[in-house]
Structure formats: C-alpha cells, structure tokens
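When you get a sec, could you build the whole thing from the sequences and use the hints?
2 protein chains.
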Amino acid sequence: MTDITIIGTGNMARGIGTRAVAAGRTLEILGRDSAAAQALAAELGGAVSFGSTDAAPAGSLVVLALPFDAAKEVVAGYGDALAGKALIDITNPVDFATFDSLVVAPGTSAAEEIAALAAPGAVVVKAFNTAFAGTLVAGTVADVPLDIFIAGDDAEAKAAVVSFVTDAGLHPIDVGPLRRARELEGFQFVIMTLQANPEFDTFNWNTGLKVLV
Amino acid sequence: MTDITIIGTGNMARGIGTRAVAAGRTLEILGRDSAAAQALAAELGGAVSFGSTDAAPAGSLVVLALPFDAAKEVVAGYGDALAGKALIDITNPVDFATFDSLVVAPGTSAAEEIAALAAPGAVVVKAFNTAFAGTLVAGTVADVPLDIFIAGDDAEAKAAVVSFVTDAGLHPIDVGPLRRARELEGFQFVIMTLQANPEFDTFNWNTGLKVLV
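Residue numbers (full-length UniProt numbering), protein chains in the order written: chain A, 1 to 213; chain B, 1 to 213.
These are computed hints drawn from the structure, not numbers from a lab.
Don't be surprised by glycine CBs; every beta carbon is placed ideally from N, CA and C.
Take every hint as true, because none was put in to throw you off.
Heads up, incomplete: computed chain B residues facing chain A, CB under 10 Å, no partners named: (1) 101; (2) 108; (3) 193; (4) 204; (5) 212.
Chain B side only, calculated, beta carbon under 8 Å to chain A, not exhaustive: (6) 141; (7) 142; (8) 183; (9) 211.
Here it is as structure tokens:
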C-alpha cells in the first residue's frame, strides 16, 4: 500500500519526498517524465516507487509538488481518479512577471481554486507553501524544526497531514479552514520577494518562517 | 526636541515606548486621557513627556498605538497638524465579531485606509503589527531579537523607522511598498487566531514571528 504520492520531480518534490521517507511512509513519485520520477525515487531510497502521470496516484495523500498552473491541469486531468484522496496544495501563485502580487484575485487563493477543480470526494489541504525546498530536505532551519502551516476544511484529511508532518520531524500548525490559504499564500509571497532582494544578503531561499515562543 | 510621539496609553504604547527609551529617543506619550499618558510616561522613565490628544504631536515619528477605528479618528481629527510627519500604523484590522476575516476589504489594508485619511504631506509606514506588546517590552522572543516588518512608500520615513527599530535592538525587515501591509495584516490575523485557540497552549499572545536563517 502506498501512503503518499508526490506528483512532480522538482526541488519541492525532493524536499517533501525526503520528509516522507524520514517519516517512514511508503512513497510514490509520479512525473510527466517518468525517467525524472525514477531518478528522484532512486535518490530518495530503494523503497520509493515511481511512475508517470498517465497512471492514477496510489497514495491516499497526494502532494501536488507543482507550480500553480500545472497543479490545476493535473487535478482537472485526473478527474475522478482523485476521488477519496486528500490533495496537498503547496503552491504559491505569485505573479512572477511583476513580483508585486499574486495571480489569484484578492479574496481567494490557489488552494480554493484548485479545490474548485477537484472531483467530488477529493479534498484539498494547504500545506508546505511557506517552506523552501532546501529547508525541507534538512527538516530544520537554525537548528529548529520547520513550522508547517496547514489549512483545510476536512478534519480527517488535515489529521492525516498533521500526522505526516509530525512523523517527519516538523512542527504542524493547523491554522483553520481552507480559506486561510489566502493569508498563507500572501505572506509567503512577501517572504519570496525578500529572497530575491539583494538587501537581504543572508536570505537565499534558505529561510524558515517560524512562530517562536 | 521630541523624536517620537506615541498616541495611545495601552499595552502596545507601553511596548513600543519601552523600545523607544531603549533606543535613546526622546519620547512623548499622548492620550485622550492625559492622566493615563502621565502614568505611562512615568512608568517608562523620567525623561518621557506626556500630554493629551488635544495637543498636536511634537515628534517627527508618530506612532498610532491605537485600534484601527481610533487610529482613523485620530488621523482625520489632527488633519494638517500631521503634515510632514511619518505616521507608524501598527493596527491589525481584525473582525473580532467573527474572528474569520479582516474588516478591510480584500485588496486593501488598514495602512492604506489610514494613509487615505492623512493630510497631504503626512506619510504612513506600517510597522510593529506582527509584534505582540509583551514581546516588545522584552525586545526578544526565544532569546532572539524580534523581526519588525516595515512597509511604506516614502523612503525617508521608512529609513527613520528602520533606524529606530535597529537602535531599539530589534531586527528591521523592509518588505517594500505600503501595499505589502495587506499581507502583513493578513498573516498577523492568522497568528492572532492561533493565540486564541486552546489547541496551541503555549501561544498566549507571547509569540514572535521570525524569518530564521
């Protein structure tokens, strides 16, 4: 049985895949390019399976480790093959042409847009969008576990994500309903602009957003 | 000469006032109730002056240490008396009736609404909205200096706020134009919901939002 399917073969797939293996989850990597999926699966460890996105995902948790537009395409394309699954949306729908806003309208979020495209019976959970890929590989930043902000409307799906995050050595923070993705995406957009700003010379896509006590 | 005027006599006035004294700034506290202003000034130290909001603020930096509605009233009421000043908006315009949204519309911010009410020649800088009052008194959380996120359209005013924050022992992060207040206010709203959530028993209006490296 596969616990988690990650769709995507890029840096975020590597980061979350590393955490999934650390959490002891059985993992499948699916990519449009199955050779890239095979390479990432091999890198993550021998027990990780792989395939192409021509196949339906086997995991009950499906991580959309894709840019926003690709995530929408994949969810719409899979249709009913995602019924019953919890889809983890990690996207930051930044308008990279201006780097001054999101591409989603104020008052909504990428997570809500993806949820609107998902088949009946599939639920969306926002998570991991404030964590950069490299920090996910390490699981920590400045020697403290990453905070993973989680938003969703389905309690069972959120509990599965909280369990995964906890077992992965990270610190889950359930911020409430899926519409809280608006604020998670908005703030991470700001954090991303700081990485690209030469004024912050220590911020190089290596920071972690943390609620300290 | 007075460097900083704080309008308000509550917990945020105490927190920012403590930092102003630590930064070596000359400070004035103005309150609707001048006795409350006097008491806070005495608590902060002998060199801190005080008065009522019947008087115009003397400082070149004017901290609106007030709830959103009161901040709007004060700015509109002072009118031209604020010309030439940098107004620091610290507000979080949370809809406390629902605790599910802000009272400002999506696509704007309290900071921008306050700026629209300010007299010509007054500029608004968003700062301190993600810092809770108690952490400002200490200046640190978990033994690290607080991050103070700063947004504004006037470079000179922002530089004055950055200087104040730095001298106060805090870590300034200039996130860009005033419209970035949208994201700062949105995320702090989420952080505030966590403080009120019994699930997070260590979060009691004592947390600090930090960009760790």
